[in-house]
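Engineer: Chains as they are written, first to last, in our numbering: chain Z, 780 to 1084; chain R, 317 to 707.
Distance condition first, Cα-Cα at most 25 Å in a straight line; then the derived SDA-like pairs of lysine to any residue:
#1 Z:869 - R:677
#2 R:374 - Z:874
#3 Z:869 - R:692
#4 Z:869 - Z:964
#5 R:374 - Z:878
#6 Z:869 - R:690
#7 Z:869 - R:678
Keep in mind that the hints were calculated from the coordinates and are not lab data.
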Amino acid sequence: MAELFVQQLVNWITLGCIYALLAIGFSLIFGVLNVIHFSHGDVAMTSPFIALAAAQALAIAIGVSGPVWLIVAACFAVFAVGLIGVVLDKVVIRRFRDAPAMMALVATVALGIVIRELIRHLYPQGSNPHAFPRLASGVALEIAGVQVGWFTLLVVALTLVLVVLLFAFLRLTPLGLRIRAASEDRIVARMMGIRDTRVFRATFFVASAIGAIAGLLFASYAGVTRFDFGVMAGLLGFSAAVIGGLGSMPGAILGGLIIAGIEVLAQTFVPDGASYRLVFVFLLVIGVLLFRPEGLLGRPVMVKV
Amino acid sequence: MSTRASSEMPGLGQAAAVVVGIQLLGAAFLYLILKAEGGLEVVGLLALLAAGFYLLEKRPQITDFVMASFSRTPVVALVTAVVVVVLFPFAVGNNTYVLHLLIVAQLYAVLALALNFQLGSANIPNFATGASYGIGAYVSALLAINFGLSFWLTLPAAAIAATLFGFLIGIPSMRTRDTYLALVTIAFGVVVQQLLNNFDWTGGPNGLVGIPAPSLFGHSFASPLVVFGWKLPSQANFYYLSALLVVVAIVTAHRLHSSRIGLAWNALRADEIAARAQGINVAWFKVLAFAVDAFLAAFAGTIYAFYVSYISPDNFTFLVSVTIMTMVIVGGMDNIFGVIVGAFLLTILPEKLRAFSDYRLLFFGIVIIGFLMIRPQGLFPQRIRSYGESR
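Construct the entire structure; sequences and hints are all you get.
Structural biologist: Right, here's the structure in full:
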């Protein structure tokens, strides 16, 4: 029993960290632009494909391969996805900034379709699942007879570092200050001389890069990547961000942990729970929003008349 | 707008000619695009359509003139519409694929009209129309397969079940709004789809097979329709049935739009707090919008289930709800005619893009994004309510 408990705890933390990283992107973009970037999940899941392609290109061009070069390829993918986010913002999402919320939602859902189809057509045999290697392998330590792999430690450490860096970035740097100002009140921020295009560019780069890391970890956790993983990644990350409270970073992390928690619980304790896990996840989403309509850590919306 | 409309009021004969001409033109265009085979043909027709809308954009008085003609001669308009709809299958002949497209387009038109009550009239997002559609289809199919109930009895049963579901989704709508409400409806949609996918008694991912064809006065809908020696393929039965449903949906939409309920929904859209201050029961009208949406969607679902005689959870995914939503936005929110055009266009277009085979989803996505960027108000923008002006 203890063994099972620890094992599920490990699963929960791994998955929770990945979802939290996805949710942070949704929350960050919504906080600054007030737009739901529904294709964020799809953007994030392009990173495993870019990493695989980069690793292959390295192997062909300079004949190197192995774990170190995989990390190099992964870093390249993270950077590339950040740029993709910036481009998408410039070409599509920015135009829906002042449109009704539903427009942006539908447009970004369509954008998600486009991204998925592009992966499918541009990547060789993109319709098929592709094996994705573990970014770290081997057993790191043993707790109560359960082996905890380096991969789990990598996920947790990476998440902690990213969250700390993000907080430091938002709190301590001038650009972070501008992002926070724009997310508080875009018009006043502009009157204070903050160029919002730069703020949006930075926000999209950071959010997409963090999403890319989540995408790499997700593919690595699953051991495989598919062009349509982005749908689920997007839905779960979006749900995590919303039940945590859109625009709140701690909320996004909390939301990610909760979503992963219910998923692991359902898989462990409910018979046939693996196939019903999404039912439990989304029932929880409905339940949370019923009692906390602005999310767990979100600011209640005050309407002035 | 009002001054221009009154100054260019068309004469009676002129109006009748315009009405008949416009409708025949529309029917001819639909016929051509349905028959179009090559990619070049489709692109050409779409360019023609775009040119038409560009002209309307530049010369709004044309729209006003046509609108005035229609309201001048409502009987002529109605008779022409009925004749066109009834005779269309005869023009199509034995092409069952075209008939199939028309049936699906009509069912989507009903779904889009259903969603229009919420998204268009009251501006409430709902990503669960696909789920209501699925509930309608599954309830009627299960009743028909397990209890041998006839199609005509499963129709109201499915509608009641889906309406209850609509009330259920409506309850959180009293507390949440905008993005949060959108997520609640997405969640409901996913839950329903996943349950259908996992329960044993819904057939799981394999769905339900062998839904019996309905029959009316001893005429089975699976057999060809014979009218005055003309033999139409069996799809024609369902074509007329779904056309009837579209008529019901239009009448419902029109009556609701003209009633205090439609007015209350519009008030909600304009300003919820002001509406509340005017004594409108905001919560009730929001829930009602969900219920009406589910009610109509269930009818469409029932006809779909009996038409294809095979349903699976894949027919009712989140993407279906998004497609319906796109139809409403593309057609023009709160514009009954526009929503129907949107539904037809977005049903037929992906099928015609099969010329680009593997790339059609890609094109579809790009077309939608481009459309939302270029013409966010939809093909036919909503019109300001006018009282006592046109009659």
